[in-house]
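K.L.:
If you read the protein sequences in the order shown, they are chains D and G.
In terms of numbering that gives the first Met the number 0, the first sequence is numbered consecutively and its last residue is 132.
In terms of numbering that gives the first Met the number 0, the second sequence is numbered consecutively and its last residue is 124.
Don't read these hints as lab results, they were simulated from the structure.
Check each hint, because a few of them may be wrong.
To be verified - Here are some of the chain G residues that sit facing chain D, going by a computed Cβ distance under 7 Å:
#1 Y26
#2 I29
#3 R76
#4 T88
Stated by the list, open to error - Sample of chain D residues with no beta-carbon within 10 Å of chain G, all distances over it, derived:
#5 K3
#6 G18
#7 W32
#8 T34
#9 V35
#10 L50
#11 I79
#12 M81
#13 R107
Keep in mind that this is a model prediction, so the values were computed, not measured.
Glycine included, each C-beta is placed from N, C-alpha and C at the ideal position.
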Amino acid sequence: MSEKPLFTYDFYEPGKCYGEKNFEVDEGTVAKWRTVYPGDDDPGVMPAGMLAMIIIDAVLTLNAPRPPGGVHGGQTFDVIRMPRIGESLVTEVWCLDKEIKKDRKWVRAKSITRSRSSGEVLFTGIMTTLVAM
Amino acid sequence: MERQLKPSSRHVDFQAILNYADVTNDYNPIHVDKEFAAKSPMGGIIAHGTMSVALIWQALKNTLGVEALNRVALEIRFVRPVRIDDDVTGGGELKAGSDNVYEVWVKNQKGEDVIRGEATIKPAS
Chain D
0 MSEKPLFTYD
10 FYEPGKCYGE
20 KNFEVDEGTV
30 AKWRTVYPGD
40 DDPGVMPAGM
50 LAMIIIDAVL
60 TLNAPRPPGG
70 VHGGQTFDVI
80 RMPRIGESLV
90 TEVWCLDKEI
100 KKDRKWVRAK
110 SITRSRSSGE
120 VLFTGIMTTL
130 VAM
Chain G
0 MERQLKPSSR
10 HVDFQAILNY
20 ADVTNDYNPI
30 HVDKEFAAKS
40 PMGGIIAHGT
50 MSVALIWQAL
60 KNTLGVEALN
70 RVALEIRFVR
80 PVRIDDDVTG
90 GGELKAGSDN
100 VYEVWVKNQK
110 GEDVIRGEAT
120 IKPAS
């Protein structure tokens, strides 16, 4: 069986959509988050720090396997409504653009996260990454 | 709107980085493999950048309340890596001349910026 090639800089195509990734904001996942951030304990409310986790989960899954050693350079979040604990989400990811600056390979991935049940847009993001290869 | 965000801090030891990797399923070796990271351009382990972004969200929530998070547009840049055993603090202050845009930051124990950015609090609909 042949292995999937590494998802290197050359694979990114500006404008191309890489698909969707589901994410469950369940009690177990939130409890794991709270082992790292015990103060994020508002009842019923998903900790806002998890927004980045949802985006990264989608990008790491859809643009994989990634060459090791990439670095997160920047991030935007535009929140329309914070997800609630118990909600099912779906995140769509596509390549916004890419460029090589001073021999460094930069990629920007756009994401949009919706409620799976209603289709309501909850938040969007742009993740800027310095890819390793 | 409060002029200053109430800061939020944490200590980042290697175990905390490993725990964050477990939670987020982000096992990039630059964060979890000391040998790999030492040979990389970073010269050693760096914490996940988004681990520190959580401190900005906490500062916003602690100051403006949890409901306000539904109206935030946050834009940040990771300007310096967070290393093992750094103490980092997230905070911010209202931008000069603005009543709804905060200049936000995360600083390490030396007072150096590790994250810079802006948080815009959109009007309630």
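K.L.:
Would you mind marking each hint as holding or not holding in the structure?
P.N.:
So, going through the hints one by one against the coordinates:
no.	hint	in the structure
1	Y26	violated, 9 Å
2	I29	holds, 5 Å
3	R76	holds, 4 Å
4	T88	violated, 14 Å
5	K3	holds, 17 Å
6	G18	holds, 17 Å
7	W32	violated, 6 Å
8	T34	violated, 6 Å
9	V35	violated, 5 Å
10	L50	violated, 8 Å
11	I79	violated, 7 Å
12	M81	violated, 5 Å
13	R107	holds, 12 Å
Hint violations for this structure: numbers 1, 4, 7, 8, 9, 10, 11, 12, all remaining hints satisfied.
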